[in-house]
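Following the hints, position chain L against chain P.
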Amino acid sequence: MSSPTRPATPARLRRLHAAGALDADGYRRALAAALALPPAAAWRRFLDRLMLAIGATLTVTGIVAFFAYNWASLGRLGRVGLVELALVTVGAVALWAGVDRLGGQLAGMAAVALTGVLLGAIGQAYQQGADPWTLFAVTAALGLPWLMATRFAPLWLLELILANLALGLWWIIDLGDDGGAVARFLLALGALNGGAWLSWTQGAASAGLSAGRWLPRVVALATLAPLAIGAAAYVAIDVLRYDAGPDDLRFGPSGLAVFVVWVAVTAAILVLFRRRWPDLFMLAAAMLGICTVLTAAMFRWLIEWVQRSSDVGAPWLVMAAFLLAEGGLTAIWLRRQQLAMAAAEDDAP
Amino acid sequence: MILPPPTLGDALAAAGLPREAGAGGAGAANAGGSPWYVRLLVGGLAWAAALSVTGFLAATGMIDEDAFAYWGLAAAAASIVLARRGPSDADARGAVADFVAQLALVLSLLARVLVVIGVGTWADGNQAVVGGAMVVLEIVLFIAYPDFLQRFFASGLACCWLLVVLGEVDDVLFVAYARDIVTLLAAFGGAWLWIDRPRLLAGRLADYASPAGYGLAVFVVGALLQETIAAFGRFLPGARWPATAGLAIGVVLLLVWVRGRLGRPRVDAGAGVLIVLVAALAYATRIEPGILAAVGVLLLGFLARDGLLYGLGVAALGATVWHFFYGMHETMLVKSGILVAGGLVLLGGRWVWLRLAGDAAVSDDR
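Going down the list, the sequences are from chains P and L.
For the first sequence, the working numbering assigns the number 632 to the initial residue and increments by one for each residue that follows.
For the second sequence, the working numbering assigns the number 27 to the initial residue and increments by one for each residue that follows.
Heads up, some of the hints might be wrong.
If we take Cβ atoms under 10 angstroms as the criterion, some of the chain L residues that face chain P in the derived model are [stated by the list, open to error]:
1. P31
2. A41
3. Y63
4. V64
5. L99
6. A100
7. L231
8. G289
9. P291
10. V293
11. L325
12. L359
13. G369
It is worth saying that the hints were derived from the structure and are not from the lab.
Heads up, the beta-carbon is just placed ideally off N, CA and C, and yes, glycines get one too.
Excised from the complex, chain P in its bound form (with noise of 0.2 angstroms):
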């Protein structure tokens, strides 16, 4: 790409001015051309979706507020009625102002929410004893078509995350909380984050869904997250437990699995976003993860040496130094990676 193509942000122009490339009053100019006030057609396009996402948003939270206080002089079918009735309402809403128009698919997106809260408002009124869980896997289920038909990206995001406390609220209760339970959830969490990761890198442009990088960043980050944390516990439990802790606190043959995954997604992900689709933010979250194994291992090695030892003061200089050196480590090698796909953009026809 050539550098008249790239955006005018205020750090490239004052690097320009700082090269000599624009003089101070064609640097004023420039930047005065670069941050000027977004049009007035811009302006009412803004302020029209922000008055809709916000009078959206207000409006049904206070619904699933109302239900929430569960009104003793309302009764089981009145409740009920009622939210059928916002059910329907805003799928006509939905359906007159059109799913393929910013205010169709925020009412799709609250007849998702809303198809919750009738589940909820029926478990509420009678009652049969159904985990928590299925409250939100089968909400998750049944806002599939209003995906479909939207083609929403946050509402994509929110049968995500239906779907993550769905799994999150089944472990609670069917999985226990011994180690190897957790390291299992973990897998799961990473399992379910990365599955949503590849299917909207591979097949939401060709679906019709569109968010720009942020959808995919915050989904891979949902994906490294649990498996980071999983493979720090691991090494930290098990792999450098010496002979202090119980035996149920060992993430077992799942924490090598969830360790060893961690391992391959990082690698892949150093790997593709450096060359494949190069992406900066990705390869930091990469990063991330590691500095979070490499720290916790380090953690539960100075553990053990306060543990064995009457030197109470030298592992905490130990870790600080440690941790200077991973700082700066980190940034110099994220700093080598951005100069580099820089230059490679440069280089590119």
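Frame of chain P; chain L shown alone:
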């Protein structure tokens, strides 16, 4: 939803310069400073390192508690010297310079921890003295330490320390109003930095404006999450309605200013609807000023075409609505009424505004 900045060629052409005027410095233009997420990652590791050094000092008792403040000031001075000797963080710098920059950052953070403990020991925990000393230290670091991340921390933390100073005052009502006033001053100051950005970035305050703009925005949003801040035990809650009223006035002034800059009448029927909507939103959310603060941040992010600030506004809006939902100030039924009424007023007001603005087509695209 924000507009991306124009391309370099378009910006140069709009400024009356040849589109290729920047070609001579292309290499310099493309080798920029580290992006915000790298700075945050490095900053997080630096905080952990600084806390480890503090742990070392506390565990060994190597330094007497009375001397902590002196050592803290020495660390601050050393960090400033190191930072000023190296290249700016906006420049492409080598590995050694990056490492020295990291060391300086760790020292500056360690300085804060040591000065807090040291001054706290001297003053027997008097919050006014500790907070006042830290405000001065943050100002010194903000001015003398040439680093974006450092100035971001310093501007936000200086405001937090002002709130700590208020913790020493016994009059709860005075503290509540003073807290709102500090937050409002930070909000208006931050808004000015974003509104006047083109002029500030071209002048002598270029290095200070952006980090302070982000720092103040983060402070305002954080300070308005009332119970969250109060939970730390050092801050009493604000009065809330003065903050809401002040923020509403700020949002209205911003909208009126934008209309004026766009060549529209500052006040007409369309502007009147917007003013009524802001007032209605302020009334509905008078116990949760963070919602209007988030709206203000969103407006400024759009105005400045700054994706990071806009993202902060989106996150702040979600956090404050969640905070309001789970807050204990009102029953769920009252909150439900407030939220539904506020939402419907906004949706209805939007419908009226679109008709008065005479351009319904603006809502047609995705």
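Checked hints:
With its C-beta approaching chain P no nearer than about 5 angstroms, P31 of chain L sits inside the 10 angstroms limit, and its interface hint holds. Interface hint at A41 of chain L: satisfied, since its Cβ lies 4 angstroms from the closest Cβ of chain P, which is below the 10 angstroms cut-off. About 5 angstroms separates the beta-carbon of Y63 of chain L from the nearest beta-carbon of chain P, less than 10 angstroms, and the hint is met. A hinted interface residue such as V64 of chain L counts as satisfied when its beta carbon comes closer than 10 angstroms to some beta carbon of chain P; here the least separation is about 5 angstroms, so the hint holds.
With its C-beta approaching chain P no nearer than about 20 angstroms, L99 of chain L sits outside the 10 angstroms limit, and its interface hint is violated. Taking 10 angstroms as the C-beta cut-off, the interface hint given for A100 of chain L is violated, the closest approach to chain P being about 17 angstroms. Here the hint on L231 of chain L is broken, as its CB sits about 13 angstroms from the closest CB of chain P, past 10 angstroms. The interface hint given for G289 of chain L holds, since its Cβ lies 8 angstroms from the closest Cβ of chain P, which is under the 10 angstroms cut-off.
Given the 10 angstroms rule on beta carbons, the hint for P291 of chain L is violated: about 12 angstroms separates it from the nearest Cβ of chain P. A hinted interface residue such as V293 of chain L counts as satisfied when its beta carbon comes closer than 10 angstroms to some beta carbon of chain P; here the least separation is about 16 angstroms, so the hint is violated. The closest approach between the C-beta of L325 of chain L and any C-beta of chain P is roughly 8 angstroms, which is under the 10 angstroms cut-off, so the hint is satisfied. For the restraint placing L359 of chain L at the interface with chain P, the shortest Cβ-Cβ distance is roughly 5 angstroms, inside the 10 angstroms limit, so the hint holds.
Of the supplied interface hints, the one on G369 of chain L holds, with its beta-carbon coming within about 3 angstroms of a beta-carbon of chain P, less than 10 angstroms.
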